[in-house]
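K.L.:
Take the sequences, apply the hints, and build the full model.
If you want the building blocks of each chain, they are given just below.
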Amino acid sequence: MTSYHLVRDKTQYHGVWVFLEQRNGTLRDVSQQLIGEGRRLADRLKVELCGVLPGRDVQEVAKTAIEYGVDRVYSVEDSRLAAYTSRPYTKVMAELIVRHKPEIVLFGASKNGRDLGGRLHAVIETGLAADCVKFDLDAEGNLDMIRPSFGGKSLAHILCKQHRPQMASARPNVFRPPTRQPGRQGEIVRESVPLTDADVDARIVEFREFKGHQAQKIEESPVLVAGGFGVGNPKNFGLLGELAAELGGSVAASRKAVDAGWVPKDYQVGQTGKTVRPKLYVAVGISGAVQHLAGMQESETIVAVNSDPKASIWDVADYGVVGDLFEVLPEMVRQLKMRPKAVAGGVTAGPPSVAVEALPAGR
Amino acid sequence: MASKGPTIVVCMKQVPKAQELQVDPVTQTLKRVGVPSEINPPDANALEFALQLKDKHGGEVVVISMGPPVFDQALERAISMGADRAYLLTDRLLGGSDTVPTAYALTETIKKVGRFDLVLCGEETTDASTGHVGPGIAGHLDIPQITYVSSLEIVEGKVRGERHVEDGFEVWEVPMPCLATVNFLSNKPREPTLTGKIRVKRGGVITHWSAAEVGLDVGKIGLKNSPTIVSKVDTIKLPPRKGKVHRGPVREAVAAMLRDLEADGVLP
Chain X
962 MTSYHLVRDK TQYHGVWVFL EQRNGTLRDV SQQLIGEGRR LADRLKVELC GVLPGRDVQE
1022 VAKTAIEYGV DRVYSVEDSR LAAYTSRPYT KVMAELIVRH KPEIVLFGAS KNGRDLGGRL
1082 HAVIETGLAA DCVKFDLDAE GNLDMIRPSF GGKSLAHILC KQHRPQMASA RPNVFRPPTR
1142 QPGRQGEIVR ESVPLTDADV DARIVEFREF KGHQAQKIEE SPVLVAGGFG VGNPKNFGLL
1202 GELAAELGGS VAASRKAVDA GWVPKDYQVG QTGKTVRPKL YVAVGISGAV QHLAGMQESE
1262 TIVAVNSDPK ASIWDVADYG VVGDLFEVLP EMVRQLKMRP KAVAGGVTAG PPSVAVEALP
1322 AGR
Chain E
1241 MASKGPTIVV CMKQVPKAQE LQVDPVTQTL KRVGVPSEIN PPDANALEFA LQLKDKHGGE
1301 VVVISMGPPV FDQALERAIS MGADRAYLLT DRLLGGSDTV PTAYALTETI KKVGRFDLVL
1361 CGEETTDAST GHVGPGIAGH LDIPQITYVS SLEIVEGKVR GERHVEDGFE VWEVPMPCLA
1421 TVNFLSNKPR EPTLTGKIRV KRGGVITHWS AAEVGLDVGK IGLKNSPTIV SKVDTIKLPP
1481 RKGKVHRGPV REAVAAMLRD LEADGVLP
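Chains as they are written, first to last, in my numbering: chain X, 962 to 1324; chain E, 1241 to 1508.
Take the hints with a grain of salt, since some may be wrong.
As the list claims (entries may be wrong) - Over the 12 Å line for every Cβ pair with chain X, so calculated as not near, a few chain E residues: (1) K1244; (2) P1309; (3) S1320; (4) G1335; (5) R1355; (6) L1434.
Unchecked claim - Below, a list of computed lysine-lysine pairs in the DSSO-like style, where the Cα atoms sit at most 30 Å apart: (7) X:K1114 to E:K1428; (8) E:K1428 to X:K1235; (9) E:K1398 to E:K1351; (10) X:K1007 to X:K971; (11) X:K971 to E:K1472; (12) E:K1472 to X:K1235.
For the record, the hints were derived by calculation from the structure and aren't laboratory data.
All C-beta atoms, glycine included, are put in the ideal place defined by N, C-alpha and C.
P.N.:
Following this line, the structure appears as structure tokens:
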């Protein structure tokens, strides 16, 4: 790869950029979330928010990004960019950064976002903070990139004071996507970056979309019923499914249950799985290893069902029942079924099955 | 490569064991001294893939690391598991390097090792969790990369890796030489062998290199030449929990808990 000579005078760098990730013409969720946070930072810095969109036939995606809040989209159309691969995408980003000198470049901390950022930051030699959960500006206007460190026990503030652009990836599902404003106007600039077939060194020979999994991703579910090693076997996860159905939620799992092969990997909560923060998290037969807690300790309400009164899960539980899950879960399902159902009304944040009105007093 | 099998370089780091992660209350940095450590777990998965490929195709497995001399422990374990050679880039000048100097320094170390066909790294380290160094090395070496692979094979001189992405599985194929980063838990790292242990016991299995020996530009390494700094570390303040635990007869315990949940408005 050509080496890129970035101007070191940081006063020449302006504007906030977000890398816009798409698959088959759909803007990825993580990019929508990024636009919201990028917009906030651009407004504070009183600069433009630009999106970089490599791909093929992506003009509709560009319009969508503008409706979510981008001022200008730099689109680079090339059949070699149809699906994400590392080298051509890195080349596009590096060329455009050298050309337009943004002060901040944000990526979603998706697999591809981290793949791209990691390669890019080395070849253009600038700082990159991974998996940020919060952004701020310091007194000198530097981007304060805030990320969990040491297994989620603390938050580290990362600064990139001398180098530009300041780059960071943002953890998926932490930043709320902004409201889409249909008809919002912006500029689409078609950039040309010379690519040749030699730039394409990776071939995607197969893509299998996740299917046969839960309709709702665990990180988007308002209620999770998560099972651990104590659940014992895959069949018993059916009990968790029944409870989840009553609560309008989904089933999740600890690493031990996933490693045992009882449920798919995309159910996994924790440091090496997903970070979730549902309204209600029910931990069933989960001992509460620190790696698991790191992925769910920000849940609004935590309920534990565990036969071991000394398990670490109790340290983070709001409520719980000490007992055999094979007695407690069916009882919970039974009592929930008997409950008078509230009538749904108004706008609900959750799935349509979730009613929001409170029950009559005096239950 | 066809005749004598691939040369596979595995980059590894030694990290404190996950359950031992402790933050020094004074310096706000990770306690590394006197804490039990191990091969960064995803790097052990990378090493296992390297050894499996060697079992199948022949060739050799070279392990490299960058860090203080105590990192010998991780490299010795790699040798005892079946790696052929081990190099530790160790120099005080490298202290405080973020991912930019680290990717550069490891790149130069790989070049000094010599000819290679495949570089493997773990997907990320458990102590820093960036995942940036592997792709950074690929960028510097100007070779193809496949990140986050859960399986890896060499087919007709090309590397094929299955990668988990958010919405599915992708199978990528790239020509060699190339770099891949390996997902945590994608295989079960083997135990050390007796022959391997004996090799380690005889000593002299690890070569130490200084920054000068690798030919590093001192203006590109260490804390001073790292674009990022950690300006401060906040301890996470978690929301207080109610800790209301019900025991006794299941029916009453469940009823009491559901009443609490109802009162908090968390039930549908």
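K.L.:
Confirm or reject each hint.
P.N.:
Verification of the hints:
| no. | hint | result |
| --- | --- | --- |
| 1 | K1244 | holds, 24 Å |
| 2 | P1309 | holds, 24 Å |
| 3 | S1320 | holds, 25 Å |
| 4 | G1335 | holds, 18 Å |
| 5 | R1355 | holds, 19 Å |
| 6 | L1434 | holds, 28 Å |
| 7 | X:K1114 to E:K1428 | holds, 28 Å |
| 8 | E:K1428 to X:K1235 | holds, 22 Å |
| 9 | E:K1398 to E:K1351 | holds, 21 Å |
| 10 | X:K1007 to X:K971 | holds, 17 Å |
| 11 | X:K971 to E:K1472 | holds, 23 Å |
| 12 | E:K1472 to X:K1235 | holds, 26 Å |
Hint compliance for this structure: no hint is broken.
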